[in-house]
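Residue numbers (the UniProt record's numbering), protein chains in the order written: chain A, 1 to 377; chain B, 1 to 389.
Derived from the structure by calculation, the hints contain no laboratory data. We treat Cβ as the ideally placed atom computed from N, Cα and C, and that holds for glycine.
Facing chain A, a subset of chain B residues (Cβ under 10 Å, in silico):
#1 E310
#2 L316
#3 R382
#4 R384
#5 T385
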Amino acid sequence: MTHTPQRPLRVLAAMSGGVDSAVAAARAAEAGHDVTGVHLALSANPQSFRTGARGCCTIEDSRDARRAADVIGIPFYVWDLAERFREDVVDDFVAEYEAGRTPNPCLRCNEKIKFAALLDKALALGFDAVCTGHYATVVTREDGARELHRASDMAKDQSYVLGVLDEKQLAHAMFPLGDTLTTKDEIRAEAERRGLAVAKKPDSHDICFIADGDTQGFLASRLGKAEGDIVDESGTRVGSHDGAYGFTIGQRKGLRIGHPAPDGKPRYVLDISPVDNTVTVGPAEALDVTALTAIRPRWCGTAPSGPGTYTAQLRAHGDETPVTATLEDGELRVTFEQPVRGVAPGQAIVLYDGTRVVGSATIATTTRRTAVAGARP
Amino acid sequence: MAYLDHAATTPMLPEAIEAMTAQLAVTGNASSLHAAGRRARRTVEEAREALADALGARPSEVVLTSGGTEADNLAVKGLYWARRDADPRRVRVLTSPVEHHAVLDAVHWLGEHEGATVEYLPVDGHGRVHPEALREAIARDPESVALATVMWANNEIGTVMPVRELAAAAREFDVPLHSDAVQAFGQVPVGFADSGLAAMTVSSHKIGGPYGIGALLLGREYSPVPVLHGGGQERHVRSGTLDVPAVAAFAVAGRLAAERRESYAREIGALRDELVEAVRTAVPDAVLGGDPAPDGRLPANAHFSFPGCEGDSLLLLLDAQGIECSTGSACTAGVAQPSHVLLATGTDPDLARGTLRFTLGHTSTRADVEAVAKAIGPAVDRARTAGLS
Numbered sequence: 001m002t003h004t005p006q007r008p009l010r011v012l013a014a015m016s017g018g019v020d021s022a023v024a025a026a027r028a029a030e031a032g033h034d035v036t037g038v039h040l041a042l043s044a045n046p047q048s049f050r051t052g053a054r055g056c057c058t059i060e061d062s063r064d065a066r067r068a069a070d071v072i073g074i075p076f077y078v079w080d081l082a083e084r085f086r087e088d089v090v091d092d093f094v095a096e097y098e099a100g101r102t103p104n105p106c107l108r109c110n111e112k113i114k115f116a117a118l119l120d121k122a123l124a125l126g127f128d129a130v131c132t133g134h135y136a137t138v139v140t141r142e143d144g145a146r147e148l149h150r151a152s153d154m155a156k157d158q159s160y161v162l163g164v165l166d167e168k169q170l171a172h173a174m175f176p177l178g179d180t181l182t183t184k185d186e187i188r189a190e191a192e193r194r195g196l197a198v199a200k201k202p203d204s205h206d207i208c209f210i211a212d213g214d215t216q217g218f219l220a221s222r223l224g225k226a227e228g229d230i231v232d233e234s235g236t237r238v239g240s241h242d243g244a245y246g247f248t249i250g251q252r253k254g255l256r257i258g259h260p261a262p263d264g265k266p267r268y269v270l271d272i273s274p275v276d277n278t279v280t281v282g283p284a285e286a287l288d289v290t291a292l293t294a295i296r297p298r299w300c301g302t303a304p305s306g307p308g309t310y311t312a313q314l315r316a317h318g319d320e321t322p323v324t325a326t327l328e329d330g331e332l333r334v335t336f337e338q339p340v341r342g343v344a345p346g347q348a349i350v351l352y353d354g355t356r357v358v359g360s361a362t363i364a365t366t367t368r369r370t371a372v373a374g375a376r377p
Numbered sequence: 001m002a003y004l005d006h007a008a009t010t011p012m013l014p015e016a017i018e019a020m021t022a023q024l025a026v027t028g029n030a031s032s033l034h035a036a037g038r039r040a041r042r043t044v045e046e047a048r049e050a051l052a053d054a055l056g057a058r059p060s061e062v063v064l065t066s067g068g069t070e071a072d073n074l075a076v077k078g079l080y081w082a083r084r085d086a087d088p089r090r091v092r093v094l095t096s097p098v099e100h101h102a103v104l105d106a107v108h109w110l111g112e113h114e115g116a117t118v119e120y121l122p123v124d125g126h127g128r129v130h131p132e133a134l135r136e137a138i139a140r141d142p143e144s145v146a147l148a149t150v151m152w153a154n155n156e157i158g159t160v161m162p163v164r165e166l167a168a169a170a171r172e173f174d175v176p177l178h179s180d181a182v183q184a185f186g187q188v189p190v191g192f193a194d195s196g197l198a199a200m201t202v203s204s205h206k207i208g209g210p211y212g213i214g215a216l217l218l219g220r221e222y223s224p225v226p227v228l229h230g231g232g233q234e235r236h237v238r239s240g241t242l243d244v245p246a247v248a249a250f251a252v253a254g255r256l257a258a259e260r261r262e263s264y265a266r267e268i269g270a271l272r273d274e275l276v277e278a279v280r281t282a283v284p285d286a287v288l289g290g291d292p293a294p295d296g297r298l299p300a301n302a303h304f305s306f307p308g309c310e311g312d313s314l315l316l317l318l319d320a321q322g323i324e325c326s327t328g329s330a331c332t333a334g335v336a337q338p339s340h341v342l343l344a345t346g347t348d349p350d351l352a353r354g355t356l357r358f359t360l361g362h363t364s365t366r367a368d369v370e371a372v373a374k375a376i377g378p379a380v381d382r383a384r385t386a387g388l389s
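Using the sequences provided together with the hints, build the complete structure.
Below is the structure:
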């Protein structure tokens, strides 16, 4: 799939300082668009995040982005969105964990920052589109409507984290890397060829505002220690923990339960109950989810009217699974054809019709094949 | 292109380029004793004399540095160390809250690491320090003052300080006063001897000379502790091999800045007045920063706050139309903060976010002003739509 030649647009390229967004900006400029680069300062105190080359909040990243913009030959600015980012992404992240859920801050950032705060400002300043280095494809239908599709290369596809974009946001989105059928090494080679010094920069992983990758430590520093019980399915106490927020449903490691389960099988986190600060563990089978409900649905286009069959993706880089979904009272109800494991409230479910993103919603409740004692409904 | 950021740096004068390129092909360390060294030394000393002449100082009072920042650091830290060494009671450093960061951060560092007590003198709504305020601050305990430092003219809003009166107040108590005259040189008279200052900073690239060279004018009775130790050049105050081509070119630019100052100030001031008028016509609620009186501000400076705008947005919109100016505020990792200068003058913090500084220079023309007149109204409208995010 290739981009059809368009009229030149005024494009604001979000440049993190990494290789993908630099190549995306370069491609947009090469396509004849009038591109301006912008680096989002997302930390109120950049110095405090100055550890290593990872993340998107360091002074080095700001400099790398500026260097890339200079080489591409486009104007470059740093915009301070730290306050919005803290309120909409970081505080939300902490609150979600505190409530026993497992948030995805990247989706949140795309929904609230890159394609809201940034896009709104860009449009107000006369730009037509925001360009990022995401691997996803925007297809313009004959009727002019825009559809979000998976990247040409499924292995690099990032449409999941863009599943929160609505039609209006999508109308102003540009993803020049979406039709790349090359490996990451080849993107690096392209960066090298273009003279971009970020060609050799390590990939950023995990969560940009937790530079050292220690999510547990970050949460502990924000939420403090709160010792509680780990119980099995019958409610018997089998261990203790320093804070229920530190767990994710489906987690196996780090439970620190001294004695084995009666059947000798490994135990997994089945449920997190922030109300009584209790973590419930049990066998893998008990993680099997047959259905779920999800709130805050967002549609890339019109909302589906009746029940429909789709494939669903439940986490970044997760597999697709066939589902039936229906919208009732603004709530998405999803039934899985085959039970799936490791579904955590707070995560996003993204529905696909073939390669097309239909929409997304935030998982609220799950239905287990085996009822979990003590678990929330 | 309309380049209206001459306070950041201004194009080199052809005469300075000529002087510099002529020297680039000549070998010689000005500290060497052989013929090549003597030739270089002669070039340096003639340049020093020309600079002294241009600045109303004696040649021995010209200490060449790598630029304004180094000269400020040498004056502030060096004089503090020397004065405190002579009398350990002297730990107070008096300054203004509107200084350039080269002074502000040096002073702050002395407070954090060298036991200095930093006192910020009050400024009025135009960002001006009144001599009485300095006198009062010293008089509270004259024995404990290491030095005072107040800039000659503000780099953001262009307000000119009453430096001679300030120096007179300091002299009453034998307190050395340093002044950063980087923006003032070439625009207002800055005679060193006649100012009564102990030390004064000037920079080459702001007056049409090359980058990387400046000077601290330093009264002969002062021996600041060096920041750079080494071969003992420049009165043992600033070691390092001199950059002969840059020194020669700086001297040419300095001589021309002094010679042309009066007519330049008159002409550039008239053009600046046109710019101010044009902006006010296009954006009636634009607020002129600094002193509106012609003799109270630098003739090449026009500074505005635009209510409801983000300065960064305006910068982007004007840059896209080939107009190059500045928000005038300091950057940390490129993130614009409300200017400390405007906050010190009591400007509302929201208003302080929507600033633009236009500074004219020797290459400025009426076409530059017309470009701003045409672009500023629509840019402000658009930036207001984007609002204060």
